[in-house]
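Q: So the protein sequences, as listed, match chains A and B. For what it's worth, numbering that gives the first Met the number 0 labels the leading residue of the first sequence as 0, then goes sequentially. For what it's worth, numbering that gives the first Met the number 0 labels the leading residue of the second sequence as 0, then goes sequentially.
No lab work stands behind these hints: they were computed from the structure. Careful, some of the hints might be misleading.
What the hints assert, rightly or not - Listed next, with one range per pair, are the computed distances between beta-carbon atoms:
#1 B:Thr-134 with A:Gly-191: 54 to 60 angstroms
#2 A:Val-24 with B:Asn-94: 19 to 25 angstroms
#3 B:Lys-17 with A:Asn-273: 48 to 54 angstroms
#4 B:His-310 with A:Phe-18: 31 to 37 angstroms
#5 A:Gln-294 with B:Lys-17: 56 to 62 angstroms
#6 B:Lys-17 with A:Leu-247: 30 to 36 angstroms
#7 A:Thr-329 with B:Glu-120: 57 to 63 angstroms
We treat Cβ as the ideally placed atom computed from N, Cα and C, and that holds for glycine.
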Amino acid sequence: MSLYTAETRRLTKRRFTRFFLIGVVLLLGAIAAGMFLTNHKNTPEVVAAAQAKADREFQQAVVQAEAERKACEAQAQPGNDCSQMWTPTREEFQAQWYMPPTFNFRKNFGDMVTTLAAILAMAAFVIGASFVGAEWSSGGMMNLLLWRPQRLTVLNTKLAALLAVLTAVTVLLSAVWTGVFALVANLRGTFGGMTSGAWQSILLMELRGLVIVLAAGALGFGLASIGRHTAVAMGVAIGVVVVLQAGLGTVLAMAQVKYLEMYLAPTWIAAWMNKSVELVDYNAPCVGAGGTCEQPTLTLTWGMAGVGLVAVLALVVGTAMWTLRKRDIT
Amino acid sequence: MSAVLEIQGLQKTYRSRKGVRRALDGFDMVVEAGQVHGFLGPNGSGKTTTLRTLLGLIRPNGGRMAILGREVPQSLPEVAGSVGAIVESPQFFGNFSARDTLSLLADAGGVERVRVDEVLELVGLRDRAGDRVKTYSLGMKQRLAVASALLKNPRLLILDEPANGLDPGGIREMRTLMRTLAESGMTVVLSSHILGEIQLICDSVTIIAAGRRVAAGAVTDVLAQHATSSVRVRLESASDLTASAGALRELGAQVVVEHDHLMVSGLAQPSAITRALAAREVYVAELSPVSVDLESVFLELTGTAPVAGEHRQVDQTVMAQAGPAQGGWGQ
Ligand SMILES: Nc1ncnc2c1ncn2[C@@H]1O[C@H](COP(=O)(O)OP(=O)(O)OP(=O)(O)O)[C@@H](O)[C@H]1O
Ligand SMILES: [Mg+2]
Chain A
0 MSLYTAETRR LTKRRFTRFF LIGVVLLLGA IAAGMFLTNH KNTPEVVAAA QAKADREFQQ
60 AVVQAEAERK ACEAQAQPGN DCSQMWTPTR EEFQAQWYMP PTFNFRKNFG DMVTTLAAIL
120 AMAAFVIGAS FVGAEWSSGG MMNLLLWRPQ RLTVLNTKLA ALLAVLTAVT VLLSAVWTGV
180 FALVANLRGT FGGMTSGAWQ SILLMELRGL VIVLAAGALG FGLASIGRHT AVAMGVAIGV
240 VVVLQAGLGT VLAMAQVKYL EMYLAPTWIA AWMNKSVELV DYNAPCVGAG GTCEQPTLTL
300 TWGMAGVGLV AVLALVVGTA MWTLRKRDIT
Chain B
0 MSAVLEIQGL QKTYRSRKGV RRALDGFDMV VEAGQVHGFL GPNGSGKTTT LRTLLGLIRP
60 NGGRMAILGR EVPQSLPEVA GSVGAIVESP QFFGNFSARD TLSLLADAGG VERVRVDEVL
120 ELVGLRDRAG DRVKTYSLGM KQRLAVASAL LKNPRLLILD EPANGLDPGG IREMRTLMRT
180 LAESGMTVVL SSHILGEIQL ICDSVTIIAA GRRVAAGAVT DVLAQHATSS VRVRLESASD
240 LTASAGALRE LGAQVVVEHD HLMVSGLAQP SAITRALAAR EVYVAELSPV SVDLESVFLE
300 LTGTAPVAGE HRQVDQTVMA QAGPAQGGWG Q
């Protein structure tokens with residue numbers, strides 16, 4: 000327990016942790032402010048103005064189409080079927096397309112939860128990596144192990160302290176985030192339709208976001224611990240993004256691999272956050288009945304994504320512990 | 000007296016892509032309770048490796064070790080509370096202050112916070128304890144390291160080159176500190192290259208070369224065993240030095256030619272020198288036994304005395320030339 004408090008203190012005392020979290024909060028603030036400024040409430044005046052604008056555009060389009068048809072008929076070339084020309088319909092000029100964007104809490108907040116989770120996950124990765132990486136490269140880890148010669152206990156306690164702090168930060172920021180966007184919805188959109196079921200699904204999504212954040216923290220921690228340097232975790236992260244994601248994506252696209260998104264991490268994160276992702280095989284021929292085009296699809300569920308996440312985590316954290324047990328500390 | 004620290008037949012081989020390096024080759028060491036024990040050896044002889052192995056940082060390939068009568072590394076978690084150690088200029092996280100660093104260690108080891116200020120006072124860092132470690136000088140970092148080792152008020156204190164970077168005053172303070180600690184019942188193991196210092200404060204020493212023990216025992220015993228035969232010989236004419244050295248070597252003596260005299264050892268009777276030289280019509284101007292100090296014993300035992308015109312390389316020691324050692328000398 001004493002080791003645990005010491006490690007929590009060490010983590011929160013670090014300027015790196017503090018500055019990084021401040022940066023994250025500023026970034027989140029900027030996003031929230033941006034959402035506030037670009038969205039507007041649909042007051043009756045706004046709706047009326049949009050309706051008027053839609054009507055006006057529709058009238059103009061009708062007039063213009065008429066003029067074009069006249070010109071076509073006047074030329075009267077053979078094979079030119081002027082009756083086939085486009086005539087605008089009312090549906091093509093809906094009022095809502097002429098309204099400024101509005102923030103619908105029920106429809107739009109899910110994306111904001113994912114945004115929060117993604118930003119916090121990146122921060123968690125870096126903080127986790129530097130927490131143990133800086134200890135290794137500064138020699139602090141060796142000192143600590145002289146004090147507490149149980150290597151696995153020390154590493155596990157450090158990891159536990161990291162995860163606890165990350166949980167606290169994520170829960171706090173999620174609550175604030177929800178509050179801020181409830182406010183944005185009230186002022187610049189609508190808060191309608193928030194049944195208890197809707198709230199529950201938002202809460203579950205935030206929980207899944209928390210899992211992503213913790214997983215990212217543990218991954219950064221594990222990689223930096225294996226490499227005994229913060230830079231190793233960073234290198235692996237950049238390597239994975241550049242080589243595996245961008246490179247692999249290109250290669251797979253050239254090879255016309257079926258469902259190539261399946262091999263890319265963001266797809267799985269989306270599947271985890273949104274409960275499922277549907278991939279479409281655009282290269283396949285259409286097989287729909289009666290002229291409709293239905294290409295084969297593949298659905299990735301959050302269960303599958305969860306299994307993958309656990310596997311990667313177990314591999315990295317397991318390896319970190321195994322190397323710590325086995326390798327000399329010099 | 001009981002042994003606080005026992006090492007028998009310790010083996011450590013480092014393996015890397017460049018090949019294997021045998022750092023410890025059947026090393027033995029015994030430290031009795033309440034002693035200040037010097038741990039000496041040339042660069043790369045295996046001192047730090049021994050201490051790291053003892054403290055569980057690296058895994059030995061063979062041999063057994065015990066601290067305070069408990070086998071390590073198995074019982075290390077239990078004895079760790081009674082062992083304070085610094086291994087080769089420990090580094091600390093640079094952005095924390097000395098006080099933060101120590102209080103985090105105190106928390107991690109279940110030591111009371113008041114002890115932090117006590118040890119800071121003890122090593123003379125009281126007024127700078129709030130500064131970031133990054134801004135410390137070499138000697139200040141070293142003092143912080145010693146403070147961290149003292150934090151637990153250990154029964155066994157292991158210091159790998161604690162004097163590294165200390166100013167003369169600091170070295171003297173360290174010496175007094177060691178003595179005071181030993182008098183209070185603490186056992187201190189001290190590795191250092193400052194042999195004058197070791198001779199002043201240590202009760203006993205272990206000398207290591209190329210991963211094996213070459214001498215061990217009370218400082219006086221080690222000195223006495225090697226004090227016998229070294230004699231300074233000055234001749235009437237310095238031009239005879241080289242020829243005379245040859246003549247003495249024929250008698251079986253070890254001779255070192257200095258610029259105006261010879262250092263002769265390995266002869267039972269100094270009279271043999273005068274007789275042999277007189278027979279060649281070379282006359283001795285001065286013949287004086289040299290009272291050995293630890294430094295010369297060390298250089299002789301480890302075979303690391305500088306030789307004119309040669310640049311000795313780090314792994315060149317007596318052991319490397321002599322092949323397998325015949326167990327420990329001394330005891
Ligand atoms: N991590 C390592 N990998 C490979 N070889 C090592 C490693 N650490 C030490 N050695 C080798 O082991 C031998 C003993 O090194 P050690 O550090 O124990 O010497 P030392 O007695 O402490 O020397 P010094 O007086 O210079 O501090 C040396 O030859 C060194 O090169
Ligand atoms: Mg050393």
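Q: Take the hints in turn and mark each one as holding or not.
A: Okay, the hints, checked on the actual structure:
no. : hint                                         : result
1   : B:Thr-134 with A:Gly-191: 54 to 60 angstroms : holds (59 angstroms)
2   : A:Val-24 with B:Asn-94: 19 to 25 angstroms   : holds (21 angstroms)
3   : B:Lys-17 with A:Asn-273: 48 to 54 angstroms  : holds (52 angstroms)
4   : B:His-310 with A:Phe-18: 31 to 37 angstroms  : violated (50 angstroms)
5   : A:Gln-294 with B:Lys-17: 56 to 62 angstroms  : holds (57 angstroms)
6   : B:Lys-17 with A:Leu-247: 30 to 36 angstroms  : holds (35 angstroms)
7   : A:Thr-329 with B:Glu-120: 57 to 63 angstroms : violated (32 angstroms)
When the structure is compared with the earlier hints, violations turn up for hints 4, 7 and for no others.
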